[in-house]
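Enquirer: If you read the sequence shown in our numbering, its first letter stands for residue 1, the second for the next number, and so on.
Possibly wrong hints are sitting among the right ones.
Below, simulated EDC-like cross-link-like pairs (lysine to aspartate or glutamate); rule was C-alpha separation at most 16 Å, straight line [to be verified]:
1) K83 with D25
2) K112 with E26
3) K112 with D25
For each label pair, taking beta carbons as the anchor points, the in silico distance ranges come out as [said to hold, decoys possible]:
4) M13 with N59: 29 to 39 Å
5) E86 with Q57: 15 to 25 Å
6) E88 with N59: 17 to 27 Å
7) M22 with N87: 17 to 27 Å
8) Y16 with I100: 44 to 54 Å
9) Y16 with T91: 22 to 32 Å
10) E88 with L117: 16 to 26 Å
11) E88 with L54: 44 to 54 Å
12) V101 with I18: 38 to 48 Å
13) A53 with S90: 39 to 49 Å
Don't read these hints as lab results, they were simulated from the structure. From a predicted model like this one, the values you see are computed outputs, not experimental measurements. Quick reminder that beta carbons are idealized off the backbone N, C-alpha and C, glycines included.
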Amino acid sequence: MLLVGIGGAIGAMLRYAITDIMPSDELPYGTITVNLLGSLLLGIIFGALAADALINQDNLLLFGTGLLGAFTTMSAFAMETVKLSENEISTAFFYIIITIVGSVGLAWTGYKVGMELFS
Numbered sequence: 001m002l003l004v005g006i007g008g009a010i011g012a013m014l015r016y017a018i019t020d021i022m023p024s025d026e027l028p029y030g031t032i033t034v035n036l037l038g039s040l041l042l043g044i045i046f047g048a049l050a051a052d053a054l055i056n057q058d059n060l061l062l063f064g065t066g067l068l069g070a071f072t073t074m075s076a077f078a079m080e081t082v083k084l085s086e087n088e089i090s091t092a093f094f095y096i097i098i099t100i101v102g103s104v105g106l107a108w109t110g111y112k113v114g115m116e117l118f119s
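Let the hints inform the model, and build the full structure from the sequences given.
Expert: Below, the structure written as structure tokens:
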């Protein structure tokens with residue numbers, strides 16, 4: 001629990017910093033960035049695990065569950081989509097496609113990279 005909490009605190013602060021410094025006039029670029037980057041990094045971790053890399057449970061809890069769990073944000077994505085849809089449905093749709101397809105694509109890419117690096 002402590003490792004998840006420490007990682008979560010760090011991840012939440014990093015997410016806040018990134019979303020605070022990135023402009024969000026047209027799209028919430030900060031949220032897009034953290035969700036895409038977090039998906040890639042978690043993919044790399046799980047690719048490394050699939051390649052039998054020695055990642056101990058404590059590091060997985062600290063970085064995977066804690067840091068990346070708090071770094072990425074589904075709730076902000078959902079509410080930003082609702083807000084965007086009030087003004088321009090096509091912008092909301094674009095945001096949904098970029099976030100979902102991009103996150104899954106980068107998680108898959110990270111997984112493959114992790115497997116390659118640690119095989």
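Enquirer: So does M13 sit 29 to 39 Å from N59, Cβ to Cβ?
Expert: The hinted range 29 to 39 Å is violated for M13 and N59, with Cβ atoms some 19 Å apart.
Enquirer: I want to verify a distance hint. Is the separation of the beta carbons of E88 and L117 within 16 to 26 Å?
Expert: 41 Å, violated
Enquirer: Does 44 to 54 Å hold as the CB distance between Y16 and I100, or does it fail?
Expert: 23 Å, violated
Enquirer: Hey, K83 versus D25, does the alpha-carbon distance stay inside 16 Å?
Expert: 12 Å, holds
Enquirer: The hint says 17 to 27 Å between M22 and N87; measuring C-beta to C-beta, is that right?
Expert: Roughly 19 Å apart at Cβ, these two residues keep to the hinted range, so it holds.
Enquirer: Look at the Cβ atoms of E86 and Q57 and judge whether their distance stays inside 15 to 25 Å.
Expert: Because 44 Å falls outside the window, the suggested range is violated.
Enquirer: Go ahead and decide if the range 44 to 54 Å is satisfied by the Cβ distance of E88 to L54.
Expert: 48 Å, holds
Enquirer: Take the C-alpha atoms of K112 and E26, compute the straight-line distance between them, and say whether it is at most 16 Å.
Expert: 33 Å, violated
Enquirer: Please verify whether K112 and D25 have alpha carbons no more than 16 Å apart.
Expert: Judged against 16 Å, a Cα distance of about 34 Å means the pair is violated.
Enquirer: Looking only at beta-carbon atoms, does the pair V101, I18 fall within the given range of 38 to 48 Å?
Expert: 21 Å, violated
Enquirer: Do A53 and S90 keep their Cβ atoms within the hinted range of 39 to 49 Å?
Expert: Roughly 42 Å apart at Cβ, these two residues keep to the hinted range, so it holds.
Enquirer: Does the Cβ-Cβ separation between E88 and N59 fall within 17 to 27 Å?
Expert: Given about 42 Å between the Cβ atoms, the range is violated.
When the structure is compared with the earlier hints, violations turn up for hints 2, 3, 4, 5, 6, 8, 10 and 12 and for no others.
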